[in-house]
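Peer 1: Sequence:
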Amino acid sequence: MAMESASHAFSEALGKYHPRLERLLFGVAMVGLLVVAHLQIQKSRDFEGGCGGMGLSAEAGGGGGGEETLLDCAAVTSGMGSELLGVSNVIWGFAFYVVVAALTAGMLWGGVALRRWLRRARLALIGGGAAYSLYLTVLQVGYLEGLCLPCLGSAVAVGGLCGCEGAMLLGEGEGITSGKTWNRQASVFARGVAIALLLSGANMAFSWEALFEPEDAMTGETREGKAEARCRLEDKTPIADQGKELVNRGDITLGSEGAGVTVIEYFDPNCPHCRSFHEVMMGIVRGYREEVQFVFKPYPLGKESLPEIGALYAAHRRGEFKDMLEAQYERQKETGGISIEDVQAISDTIGLDATSVLRAVSTKGYRMRAIKNASRGQNVGVDRVPTVLINGHFAGTRRGRCLAAFIEAAKRGELQPGKTYRSK
Numbered sequence: 001m002a003m004e005s006a007s008h009a010f011s012e013a014l015g016k017y018h019p020r021l022e023r024l025l026f027g028v029a030m031v032g033l034l035v036v037a038h039l040q041i042q043k044s045r046d047f048e049g050g051c052g053g054m055g056l057s058a059e060a061g062g063g064g065g066g067e068e069t070l071l072d073c074a075a076v077t078s079g080m081g082s083e084l085l086g087v088s089n090v091i092w093g094f095a096f097y098v099v100v101a102a103l104t105a106g107m108l109w110g111g112v113a114l115r116r117w118l119r120r121a122r123l124a125l126i127g128g129g130a131a132y133s134l135y136l137t138v139l140q141v142g143y144l145e146g147l148c149l150p151c152l153g154s155a156v157a158v159g160g161l162c163g164c165e166g167a168m169l170l171g172e173g174e175g176i177t178s179g180k181t182w183n184r185q186a187s188v189f190a191r192g193v194a195i196a197l198l199l200s201g202a203n204m205a206f207s208w209e210a211l212f213e214p215e216d217a218m219t220g221e222t223r224e225g226k227a228e229a230r231c232r233l234e235d236k237t238p239i240a241d242q243g244k245e246l247v248n249r250g251d252i253t254l255g256s257e258g259a260g261v262t263v264i265e266y267f268d269p270n271c272p273h274c275r276s277f278h279e280v281m282m283g284i285v286r287g288y289r290e291e292v293q294f295v296f297k298p299y300p301l302g303k304e305s306l307p308e309i310g311a312l313y314a315a316h317r318r319g320e321f322k323d324m325l326e327a328q329y330e331r332q333k334e335t336g337g338i339s340i341e342d343v344q345a346i347s348d349t350i351g352l353d354a355t356s357v358l359r360a361v362s363t364k365g366y367r368m369r370a371i372k373n374a375s376r377g378q379n380v381g382v383d384r385v386p387t388v389l390i391n392g393h394f395a396g397t398r399r400g401r402c403l404a405a406f407i408e409a410a411k412r413g414e415l416q417p418g419k420t421y422r423s424k
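Going by full-length UniProt numbering, the sequence shown opens with residue 1, and the numbers climb by one from there.
If you're looking for bench data, these hints aren't it; they were derived computationally from the structure.
All C-beta atoms, glycine included, are put in the ideal place defined by N, C-alpha and C.
Take the hints with a grain of salt, since some may be wrong.
What the hints assert, rightly or not - Listed next, with one range per pair, are the computed distances between beta-carbon atoms:
{"hint": "1", "residue 1": "S375", "residue 2": "L197", "range": "52 to 62 Å"}
{"hint": "2", "residue 1": "T420", "residue 2": "R286", "range": "24 to 34 Å"}
{"hint": "3", "residue 1": "G111", "residue 2": "L85", "range": "29 to 39 Å"}
Unchecked claim - In the DSSO-like style, the derived pairs of lysine-lysine whose C-alpha atoms are separated by at most 30 Å in a straight line are:
{"hint": "4", "residue 1": "K372", "residue 2": "K244"}
{"hint": "5", "residue 1": "K43", "residue 2": "K333"}
{"hint": "6", "residue 1": "K303", "residue 2": "K322"}
{"hint": "7", "residue 1": "K333", "residue 2": "K364"}
{"hint": "8", "residue 1": "K43", "residue 2": "K322"}
{"hint": "9", "residue 1": "K333", "residue 2": "K372"}
{"hint": "10", "residue 1": "K419", "residue 2": "K43"}
{"hint": "11", "residue 1": "K303", "residue 2": "K236"}
{"hint": "12", "residue 1": "K303", "residue 2": "K372"}
{"hint": "13", "residue 1": "K244", "residue 2": "K411"}
Generate coordinates for the entire structure from the input sequences, incorporating the hints supplied.
Peer 2: Okay, structure coming up:
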């Protein structure tokens, strides 16, 4: 009896209309839509101006520079949890806010029965969106250890939608009592859409060149008409002998061994930040392969990475390091490393003898080498992955144009700790 009474009360609450709260909910949906549109535009620009696109994280991480200890939109939007069913979360977010806004506007055109149906659909949608937003927030904080401000802004917007729905369920509805109420609601909704379109258009116009210019084949960034980038080396003591004292026999190397420039990357095959940075690094390798020695040092963040690292060393001995690493990145999991079965499947796919690779994985030699690399790296100042050193200097950015600028400066013998370089 109590359940029937509660069900009846819930049904009655769904049939009521709350003009002010509906306007507020519609406005929050428009704000969420703007946040997602802005995120997509900044993502297309590789977060050149930071997470917010206004240079906010030039020294704080947002996909391109500086300390990179907290804000890292590039890693969050391209790492684990960045897609659902193979579709980007940005696209899902855009569709979510559009449907919420459409359901809200649709309530103006129907009676109580239609309103109840639309409210149920909207409640289910917002509830699902809230659960997924909570999951993504926990993933950022607990696993990725990097934050994306627009992503968190979207999560706040979803929380606002939940608050509006809760207030409607608990409050007394006013109903659409006259044509005046209908006209006012429709006018507010139309103005909200117009403002959202105007602001999105202005945002896109601001980023027009970045969105449509051809890309640089080496760095993956546009060349024509882009402003200079401020590229900073970290203010850390450089490694002696231009970093060559970190290079050991048996290291994974590409490029020219006799080159005057040595670039070292510390990485973990289970690190989502390393995965998002990989294409940038490979672009630099393609551009400077004949002039630079590239050294890749696995830096295990946990014991689950050790078997994969053993497979990387084994693959490097047979000239298949790049294919093995990229396949491991593709199979990254949200927690833990890939399985031995995955390593075997990758070996078969890239043409390696899986038995010999698995034999190498089971030996202690490669594992001890990785552990020693990590220990030595920590002693000289490596405190995160990916970390890139150019001739022993710590790069304070993961942007391709900046890494290229550092290499050019190293070729001239002009690298200095803490110095800022400009690159077009």
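Peer 1: Holds or violated: K333 and K372, Cα atoms, limit 30 Å.
Peer 2: With Cα atoms ~25 Å apart, K333 and K372 stay inside 30 Å; holds.
Peer 1: Given the hint that K303 pairs with K372, test it: the Cα-Cα distance must not exceed 30 Å.
Peer 2: Within the cut-off at roughly 13 Å; holds.
Peer 1: Between the alpha carbons of K244 and K411, is the straight-line distance 30 Å or under?
Peer 2: Given pair K244, K411 holds - Cα atoms ~15 Å apart, limit 30 Å.
Peer 1: Look at the Cβ atoms of T420 and R286 and judge whether their distance stays inside 24 to 34 Å.
Peer 2: Holds - the Cβ-Cβ distance for T420 and R286, about 26 Å, lies within 24 to 34 Å.
Peer 1: Given the hint that K43 pairs with K322, does the C-alpha gap stay at or below 30 Å?
Peer 2: 25 Å, holds
Peer 1: Can the restraint linking K303 and K322 be considered satisfied, given a maximum Cα separation of 30 Å?
Peer 2: 22 Å, holds
Peer 1: Is the hinted pair K419 and K43 satisfied, with a Cα-Cα distance of at most 30 Å?
Peer 2: Given pair K419, K43 holds - Cα atoms ~27 Å apart, limit 30 Å.
Peer 1: Please verify whether K43 and K333 have alpha carbons no more than 30 Å apart.
Peer 2: Satisfied, since the Cα-Cα distance of roughly 23 Å is no more than 30 Å.
Peer 1: So if I understand the rule, the pair passes when the alpha-carbon distance is 30 Å or less; does K303 with K236 pass?
Peer 2: Measuring from Cα to Cα gives roughly 28 Å; hence the hint holds.
Peer 1: For a C-alpha distance cap of 30 Å, please report whether K372 and K244 respect it.
Peer 2: 16 Å, holds
Peer 1: Given the hint of 29 to 39 Å, check if G111 and L85 actually sit that far apart at their C-beta atoms.
Peer 2: Once the Cβ atoms are compared, 35 Å apart, the range 29 to 39 Å for L85 and G111 holds.
Peer 1: Take the C-alpha atoms of K333 and K364, compute the straight-line distance between them, and say whether it is at most 30 Å.
Peer 2: With a Cα-Cα distance of about 24 Å, the restraint between K333 and K364 holds, given a limit of 30 Å.
The earlier numbered hints are all upheld by this structure, with none contradicted.
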